[in-house]
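*Asks:* Here is what each chain is made of, one letter per residue.
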Amino acid sequence: MRRIVCDVLISGQGFTGSALACALAGTAGEAREMRVVTVEQDKQMPASPGASVSQDGRASALNTTSLRLLSRLGVEDHIRDAIQPVTSMQVCDGELDEAVYLPFLSFDTSGDHDGNKAIAFIVSNSALREGFARQLAKKTSVTRLFGQRIEAFKVTNTRTWVKLDDGQEIEASLLVAADGARSRLRDLARIKVLRRNTGQWGLTASVALGYEHEGQAIQHFFPGGPFALLPLPGAFASLVWTEPAHRARCLMELPLDALHEELIRRSGCRFGDIRLVSTLQGWPLFFQIARSFVSERIALTGDAAHLIHPLAGQGLNLALRDIAALTDCIQEAVCLGLDPGDWQVLERYQRWRRFDTVMMGTAMEGLNGIFSNDMDPIRMVRDLGMGLLERVPLLKGWMMSEAAGEVGTLPRLLRDFGD
Amino acid sequence: MCSSSGTVSDAEVARFSSFASEWWDKKGKMGVLHKFNPVRLAYIREQVCQHFRRDPHAVCPLEGLRLLDIGCGGGLLCEPMSRLGAAVVGVDPSAKNIEAARSHAAPELKIVYHCSTAEERLVAGERFDIVLNMEVVEHVADVPLFLNSCAAMLRPGGMMVVATLNRTLKAFILAILGAEYILGWLPRGCHDWNKFITPQELMLFLSDCGLESGHLTGVVYHAFADEWHLNEDSGVNYMLTARRAF
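Chains as they are written, first to last, in this note's numbering: chain A, 2 to 420; chain B, 136 to 381.
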């Protein structure tokens, strides 16, 4: 078997790994084309063109800068019809036995002077996966390997030597872990993680709505955890629901009719009838952050580096920010003739991303802790705080731009050049 | 150690040989040089592209140019220059440095390393389009003779880039007290303030060698960002380009 020689080897070809491969392989002759190899443990997914609702029931929330990145990478072209902008959002603080949930915070950009501005963009994971696959298929400098995993690797002072489980050898300057929360590469590199079980489960599904959603998302904070319906194209929505572990297991075993009733009740009847169009999936939620985002010739990105609460849909956005920052660090180094696996490249990446990530993770944990709570004083304080937020336009504006990912030093791939 | 001659200081060669194994250790004694590397690489790239009218966005903008890195140490500049397309010759009087440089460079880089001196390369008849003289003049025994040998190896129309330390009070405080004694970035005794030279002296020496001085820039350290940047202030570290007429 011939040894493959490349600049960057990416472990994992989910959204994070695919985005990095697209970014490094260069766009429109602007950047230097790098030789990239992706190694994915799973078999290649069959194409499912035009699916706006995932069979696995999962969807992702993209903020404005993430969408900008996807458009620069040429991925947005493939998924344009599958993207649903969220133009308004109602946040409620509910008790299950209350007849009506009063929104105490609402965001609305539909009447904004800047009409096309949205709070977020929702896209089904299957459409996004398809978009990346189509764009990657165009890149000649990317070699994609499926159904294989990294068995071992060795770092020398100029390269890394990787061995796959089928015996294939790959020589790369830099290894990037984009292989998810249970990253194999991270474990092989012996990078430890800080991990906390939240005791909550995340439940997701795609649902069909009784009424048109008109771009509205709802997020209801119940004592057990947040319940959100994020609009998808057509009269569909993505359900993201958090519950304590024991309740989640019960919910997953409910007969379909009972489950539908529960969904209608929790949505405050806002969308009328609600029916599942995929299976209901559930898994335990963890808060996890790697003790270091880098090691000799290795960078961790996306879920391999950090896992946060899904309540604000920031997981993929954080991952794409990692990718944009790492791409900047690598391209600047290569432009100076430096090795892309140089320690300085990695150090700069870590300095850039770790602070941002810890801030975001802590904020999400804090919010979840404040909301998933039924103590009266805490409820009062949070309602007061949110009421205040509602009345102070500047603060709310900042929060919205933070949610859009516009705060902080942006990597070039995320910057708004007015194009 | 190789045969030493007029411009090589034996004490300096011995000092640099003693930490030859640490050239590529980014957390070791040479860490500060690695931090300094991007700013000087960017400057060389920009100046060379301007001088030889190369496209700065090209993948290998230095393609076809023969480059000498005198006092190359472990090859910290040779490797990037080679990746940018130049045909690189690295020369250092310390055998240990050359050994470290050779063992680090990936074979596809095709860098030629010599344990030798500027005078010896001149006698050997080597000629170059670019001579890099980075952080070296403050370590040589006879600056005019050394610069003369370097200049004589430049082809007509070729360019030299010199980086060194200014002989000012500020340089004494920052580069010697600060970097060696307080921060411990560099080994103590790495630099001798009396051997620092001012930009004016350097320009005079270069003009005696028949070179015309070009662009002068200072390099300053930004503590908050932990990065070096080009700056008008050439009171401590500075870089200067010079060209040989056709």
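No lab work stands behind these hints, which were simulated from the structure alone.
Since this is a predicted model, take the numbers as computed values, not measurements.
Check each hint, because a few of them may be wrong.
[Unchecked claim] Here are a few chain B residues that face chain A, going by a calculated C-beta distance under 7 Å:
#, residue
1, Ser153
2, Ala155
3, Trp159
4, Lys161
5, Pro173
6, Leu176
7, Lys231
8, Ala241
9, Leu244
[Said to hold, decoys possible] Derived DSBU-like pairs: lysine-lysine, alpha-carbon spacing no greater than 35 Å straight-line:
#, chain 1, residue 1, chain 2, residue 2
10, A, Lys155, A, Lys140
11, B, Lys305, B, Lys162
12, B, Lys231, A, Lys139
13, B, Lys161, B, Lys231
14, A, Lys140, B, Lys245
15, A, Lys193, B, Lys164
16, A, Lys155, B, Lys245
17, B, Lys161, A, Lys193
18, A, Lys155, B, Lys170
19, A, Lys193, B, Lys170
20, B, Lys164, A, Lys155
21, B, Lys170, B, Lys330
22, B, Lys170, B, Lys231
23, A, Lys164, B, Lys330
We treat Cβ as the ideally placed atom computed from N, Cα and C, and that holds for glycine.
*Asks:* Under 7 Å, Cβ to Cβ, is where Trp159 (chain B) needs to be relative to chain A, so tell me if that hint holds or is violated.
*Replies:* Hint holds; Trp159 (chain B) Cβ to chain A Cβ min 6 Å, cut 7 Å.
*Asks:* For the hint on Pro173 (chain B), just tell me whether its beta-carbon gets within less than 7 Å of chain A.
*Replies:* Constraint on Pro173 (chain B) satisfied, holds at 6 Å.
*Asks:* Does Lys330 (chain B) sit within 35 Å of Lys170 (chain B), going by the straight-line distance between their CA atoms?
*Replies:* Within the cut-off at roughly 23 Å; holds.
*Asks:* Tell me if the straight-line CA distance from Lys193 (chain A) to Lys164 (chain B) falls inside 35 Å.
*Replies:* This hinted pair holds, its Cα atoms lying about 28 Å apart.
*Asks:* Hint check: Lys193 (chain A) vs Lys170 (chain B), CA-CA at most 35 Å. Holds or violated?
*Replies:* 27 Å, holds
*Asks:* Decide if the proposed pair is consistent with the structure: Lys155 (chain A) and Lys140 (chain A), CA atoms, cutoff 35 Å inclusive.
*Replies:* Holds: Lys155 (chain A) and Lys140 (chain A) sit about 28 Å apart, inside 35 Å.
*Asks:* With 7 Å as the cut and Cβ atoms as the points, is Leu176 (chain B) at the interface with chain A?
*Replies:* Since the shortest Cβ distance to chain A is 4 Å, the answer is holds.
*Asks:* Can you verify the interface hint for Leu244 (chain B): is its Cβ closer than 7 Å to any Cβ in chain A?
*Replies:* With a minimum Cβ separation of about 9 Å from chain A (threshold 7 Å), the hint on Leu244 (chain B) is violated.
*Asks:* Any CB of chain A closer than 7 Å to the CB of Lys161 (chain B)?
*Replies:* Hint on Lys161 (chain B): holds, closest Cβ of chain A at ~4 Å, below 7 Å.
*Asks:* Take the C-alpha atoms of Lys164 (chain A) and Lys330 (chain B), compute the straight-line distance between them, and say whether it is at most 35 Å.
*Replies:* Roughly 52 Å separates the two Cα atoms, so the pair is violated.
*Asks:* Sort out whether Lys155 (chain A) lies within 35 Å of Lys164 (chain B), counting only the CA atoms.
*Replies:* 25 Å, holds
*Asks:* For the pair supplied as a hint, Lys305 (chain B) and Lys162 (chain B), is the alpha-carbon distance within the 35 Å limit?
*Replies:* 26 Å, holds
Checked against the numbered hints given earlier, this structure breaks hints 1, 2, 7, 9, 12 and 23; the rest are met.
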